[in-house]
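What follows is each chain in one-letter form.
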Amino acid sequence: MIRLENVTAYYKNLCVLQDITVNIAKGSIVALIGPSGCGKSTFLKCINGLVPVRSGRIFIEDTEITSKNTDLNRIRSEVGIVFQQFNLFPHLTVKKNITLAPVKVKGMKLEEAEDLAVSLLKKVDLLDKIDKYPEQLSGGQAQRVAIVRSLAMQPKVMLFDEPTSALDPQMTQEVLDTIKSLAKEGMTMVVVTHEMSFAYEVADRIIYMDKGRIKEGIEN
Amino acid sequence: MHWEDVLNNLGFLMKGLGVTLQLAVLSIAGSLVLGTVLGVIRYVKIPPFSPLAAMYIEFVRSIPLILFIVFIHFGFLPFILGTSASFFVSACVALIIFTSAYVAEIVRGGLNSIEKGHIDAAVSLGLTGFQRLAYIILPLAFARMMPALVSQFIALIKDTSLASTIGLIELTRSGEIIYERTYHEFEVLAFIALIYFMICFSLSKLSKKIEIKI
Chain A
155 MIRLENVTAY
165 YKNLCVLQDI
175 TVNIAKGSIV
185 ALIGPSGCGK
195 STFLKCINGL
205 VPVRSGRIFI
215 EDTEITSKNT
225 DLNRIRSEVG
235 IVFQQFNLFP
245 HLTVKKNITL
255 APVKVKGMKL
265 EEAEDLAVSL
275 LKKVDLLDKI
285 DKYPEQLSGG
295 QAQRVAIVRS
305 LAMQPKVMLF
315 DEPTSALDPQ
325 MTQEVLDTIK
335 SLAKEGMTMV
345 VVTHEMSFAY
355 EVADRIIYMD
365 KGRIKEGIEN
Chain B
-3 MHWEDVLNNL
7 GFLMKGLGVT
17 LQLAVLSIAG
27 SLVLGTVLGV
37 IRYVKIPPFS
47 PLAAMYIEFV
57 RSIPLILFIV
67 FIHFGFLPFI
77 LGTSASFFVS
87 ACVALIIFTS
97 AYVAEIVRGG
107 LNSIEKGHID
117 AAVSLGLTGF
127 QRLAYIILPL
137 AFARMMPALV
147 SQFIALIKDT
157 SLASTIGLIE
167 LTRSGEIIYE
177 RTYHEFEVLA
187 FIALIYFMIC
197 FSLSKLSKKI
207 EIKI
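Residue numbers (the working numbering), protein chains in the order written: chain A, 155 to 374; chain B, -3 to 210.
Derived from the structure by calculation, the hints contain no laboratory data. Warning: the hint list may mix true and false statements.
[Stated by the list, open to error] Chain A side only, calculated, beta carbon under 8 Å to chain B, not exhaustive:
1) N223
2) N227
3) K258
4) M262
5) M307
Backbone N, C-alpha and C fix where the C-beta goes; we use that ideal spot for every residue, glycine too.
Given the sequences, and given the hints that come with them, work out the whole structure.
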C-alpha cells in the first residue's frame, strides 16, 4: 500500500530522514514512536508530499508520488492526515470544514457531501455540533471533527501526527476510541504517537525511530 | 460668529460632500482590488511579477500624494489618454494608485500571518493553490486585516481633500470657495472638519460591527 525506498529528507541543512525503507501493507496499522525531533512527523508529511524528499522514492499503491509527473493534489485527496493541533478552518462551520474539500476537490454534489458529513459526524457522536464553529468545540471534539474532515475525502490511507498530544486524558480517550473504530473497519493507518499502551493495543507493527533512522520494527 | 455663511451655502457644501463621497467610495473599491492583487502577487512569489510589485509599492509609498495628484492630472493621464482627464478621474486614479501600495502591504502581512498548520491542512486535503487562497487563506487574512484596512481607508477619505489642489470641487474646495468670498474661514472649516469626522467615525463604527461578526 505504502512503500518507501531509501528515502532521505532534509529540513534546511538538517537531515531529518536518513535512508528510510519501509513497506506498509493494506489494512495494517503502524505506530511510529520515538523521541521528539527524530523525524516521525516528517515521515508522515513525506507520504502526502507536504515535505519534499531529497532522494529515494515513495509509492502509494502503484503511484510513485516522488515522481515529477504525479498530480500531488490527487494523491493528497486520497491520503488523509490528522494534525496535533487539529487545524480546523476557524472561519468555517463544522459542516463547511467537512464538505469543502469533497465538493471542491472531488466534485461531489453539495447535498451528497452534506449527507456524508451527517453520517460521519453521527459515527463520532458529534452530530449536534454540525453548525458550530471550531472555537466552540473542546479539543477532543475538534480533533474528532478533524478526523471526520479527512474521512469525508474517502481516503485510502489515514495518517495521524500525534493526534492526542494537545489533549487532556479524557479527551485523549475519545479520540483514541475513534481511531480504534477506524482500525476495526480495516483502514490503513500510520499513527505517530507517544501513547505506548495505545500503540501496543491497536498497532500491527510498531516502528521505533531515532535521529532520522528506523532503529527497530516490531511485529505486534 | 458667522454661522450663516455655512447655512446659506449648505446646498453648495452638500454638493461638494457628494463629490467627496463618490471619490472616496470609488477609490476605496479600486485600491482594495488593486492592493489585494498586488499583495497576493507578492505573497505567492511569481518570479518576474513579485519583484515588480515590490518595486511599485516602494516607489508609490515614497512620493507624497499631492505630487501624485498633480503628476497624474497634468502628465500621466494626458500622456496615456492623449487628452486631459477630468479632475475627478485624475484624483480617483491618483488615490487608487497611492492607497493600493499600502493596501498591498497590509494584505501581504495578513497573508503571512496565517498559521502554517491551516495551510498544511488545506494542502493535505488536495485543494489547489488557487482554492487554498480563495477559500482558506484570504478569508482568514481579511478578518485579521480589518483594523489596518479601516485605518488606511479613513486616511484615504481625508486624503480626498488633496484633490482640491487641482481644482476638483469636493467638500474642502467648496468650503474654500465660500470663505474666499466671505473671509470667515473658521466657521466653514469647522463645519467641514465635523463632516469629515462624522464620515470617518461612522466607517470605524461600521467596521467594528463587521469585525465582531467575523
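Structure-based check of each hint:
1. N223: 17 Å, violated
2. N227: 5 Å, holds
3. K258: 5 Å, holds
4. M262: 12 Å, violated
5. M307: 6 Å, holds
Against the hints set out earlier in the document, violations occur for numbers 1, 4.
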